[in-house]
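Student: My numbering applies: residue 1 is where the sequence shown begins, and numbers increase by one.
In short, the hints are calculated from the structure, not lab data.
The beta-carbon is built from N, C-alpha and C at its ideal position, and this holds for glycine as well.
Check before you lean on any hint, since a few could be wrong.
To be verified - In silico lysine to any residue, SDA-like type, Cα no more than 25 Å apart, as pairs:
1. K29 / K10
2. K55 / T36
3. K29 / S40
4. K29 / V19
5. K51 / K29
6. K5 / L26
7. K16 / E3
8. K29 / Y15
9. K16 / L6
10. K10 / S21
11. K39 / D49
12. K29 / L6
13. K16 / E27
14. K29 / E50
15. K39 / D28
16. K5 / Y15
17. K39 / K16
18. K58 / V48
19. K16 / L26
20. K16 / A35
21. K16 / V2
22. K58 / H44
23. K10 / R22
24. K5 / D28
25. K58 / I45
26. K39 / D24
27. K29 / E17
28. K55 / H44
29. K10 / D20
30. K51 / E38
31. K51 / D31
32. K58 / K39
33. K39 / E50
34. K10 / A25
35. K39 / L54
36. K39 / L26
37. K51 / D28
To be verified - With beta-carbon atoms standing in for the labels, derived distance ranges:
38. Y32 / F12: 28 to 38 Å
39. G46 / T14: 43 to 53 Å
40. V48 / F23: 56 to 66 Å
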Amino acid sequence: MVEEKLITTKEFVTYKEHVDSRFDALEDKMDYQNATLEKSLSQHIGSVDEKLNLKLDKVV
1 MVEEKLITTK EFVTYKEHVD SRFDALEDKM DYQNATLEKS LSQHIGSVDE
51 KLNLKLDKVV
């Protein structure tokens with residue numbers, strides 16, 4: 001059987017703040033991971049582009 005529990009507005013606000021802070025932390029973590037991934041991909045693309053240019057220079 002499910003027991004119903006009534007909570008006060010203050011308890012709800014406290015719970016909501018807790019949930020919001022957890023979502024904010026997750027969002028910050030995702031932003032950091034996206035920035036790190038973007039930087040890594042950019043460096044890799046730059047490296048590949050540089051290698052291709054060197055190979056093209058050798059052909060020409």
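Student: Does each hint fit the structure? Answer for all of them.
Tutor: These are the hints, each one checked on the structure:
Between K29 and K10, the direct Cα distance comes to roughly 29 Å. Violation of the 25 Å bound is thereby established for this hinted pair. Under the criterion of a C-alpha separation no larger than 25 Å, the hint pairing K55 with T36 is inconsistent with the structure, at around 29 Å. The hinted pair formed by K29 and S40 meets the criterion: a straight-line CA distance of about 16 Å does not exceed 25 Å. Simply put, K29 and V19 have alpha-carbon atoms about 15 Å apart, close enough for the 25 Å limit, and the pair holds.
Under the criterion of a C-alpha separation no larger than 25 Å, the hint pairing K51 with K29 is inconsistent with the structure, at around 33 Å. For a cut-off of 25 Å, the pair hint linking K5 to L26 is broken: about 29 Å separates their Cα positions. For the given pair, K16 sits about 21 Å from E3 by alpha-carbon distance, which is consistent with the 25 Å threshold. For the proposed pair K29 and Y15, the alpha carbon gap of about 21 Å is at most 25 Å, so the pair holds.
A C-alpha spacing of about 15 Å is found between K16 and L6, which places the hinted pair at or below 25 Å, so the restraint holds. Between K10 and S21 the alpha-carbon distance is near 16 Å, which keeps this suggested pair within the 25 Å criterion. Among the hinted pairs, K39 with D49 is consistent with the structure: their alpha-carbon atoms are about 15 Å apart, no more than 25 Å. Using a Cα cut-off of 25 Å, the hinted pair K29 and L6 is violated, with the two alpha carbons roughly 34 Å apart.
With a C-alpha separation of about 16 Å, the suggested pairing of K16 with E27 holds against the 25 Å cut-off. A C-alpha spacing of about 32 Å is found between K29 and E50, which places the hinted pair above 25 Å, so the restraint is violated. Using a Cα cut-off of 25 Å, the hinted pair K39 and D28 holds, with the two alpha carbons roughly 17 Å apart. Restraint check for K5 and Y15: the C-alpha separation of about 14 Å stays at or below 25 Å, so the hint holds.
At roughly 34 Å between alpha-carbon atoms, K39 and K16 are farther apart than 25 Å, so this suggested pair is violated. The suggested pairing of K58 with V48 holds, with an alpha-carbon distance near 15 Å, which does not exceed 25 Å. Of the pairs offered as hints, the one joining K16 and L26 holds, with about 15 Å between alpha carbons and a cut-off of 25 Å not exceeded. Taking the CA atoms of K16 and A35, the gap is about 28 Å. The hint is violated against a cut of 25 Å.
Of the supplied pair hints, the one linking K16 and V2 holds, its CA atoms being roughly 22 Å apart against a limit of 25 Å. Restraint check for K58 and H44: the C-alpha separation of about 21 Å stays at or below 25 Å, so the hint holds. Only pairs whose Cα atoms come within 25 Å are accepted, and K10 paired with R22 is accepted, the gap being roughly 19 Å. Taking the CA atoms of K5 and D28, the gap is about 33 Å. The hint is violated against a cut of 25 Å.
Straight-line distance between C-alpha atoms of K58 and I45 comes to about 20 Å, which keeps the hinted pair within the 25 Å bound. Distance check on the hinted pair: K39 and D24 sit about 22 Å apart at the alpha-carbon level, within 25 Å; holds. A C-alpha spacing of about 18 Å is found between K29 and E17, which places the hinted pair at or below 25 Å, so the restraint holds. Between K55 and H44 the CA atoms are separated by roughly 17 Å; this keeps the pair inside 25 Å, and the hint holds.
Under the criterion of a C-alpha separation no larger than 25 Å, the hint pairing K10 with D20 is consistent with the structure, at around 15 Å. With a C-alpha separation of about 20 Å, the suggested pair K51 and E38 falls inside the 25 Å cut-off, and the hint holds. Between the alpha carbons of K51 and D31 the distance comes to roughly 30 Å, so the proposed pair goes past 25 Å and is violated. Among the hinted pairs, K58 with K39 is inconsistent with the structure: their alpha-carbon atoms are about 29 Å apart, more than 25 Å.
Of the supplied pair hints, the one linking K39 and E50 holds, its CA atoms being roughly 16 Å apart against a limit of 25 Å. Of the pairs offered as hints, the one joining K10 and A25 holds, with about 23 Å between alpha carbons and a cut-off of 25 Å not exceeded. Taken as a hint, the K39 and L54 pair is honoured in the structure, with Cα atoms around 23 Å apart against an allowance of 25 Å. The straight-line distance between the Cα atoms of K39 and L26 is roughly 20 Å, inside the 25 Å bound, and the hint therefore holds.
About 35 Å separates the Cα atoms of K51 and D28, which puts this hinted pair outside 25 Å; it is violated. Evaluation of the 28 to 38 Å hint for Y32 and F12 yields a pass: the beta carbon distance comes to about 30 Å. Between G46 and T14 the beta carbons are some 48 Å apart, a value that agrees with the proposed interval 43 to 53 Å. For the pair V48 and F23, the supplied restraint of 56 to 66 Å is violated, since their beta-carbon distance comes to about 37 Å.
Hint check: violations occur at hints 1, 2, 5, 6, 12, 14, 17, 20, 24, 31, 32, 37 and 40; the rest are consistent with the structure.
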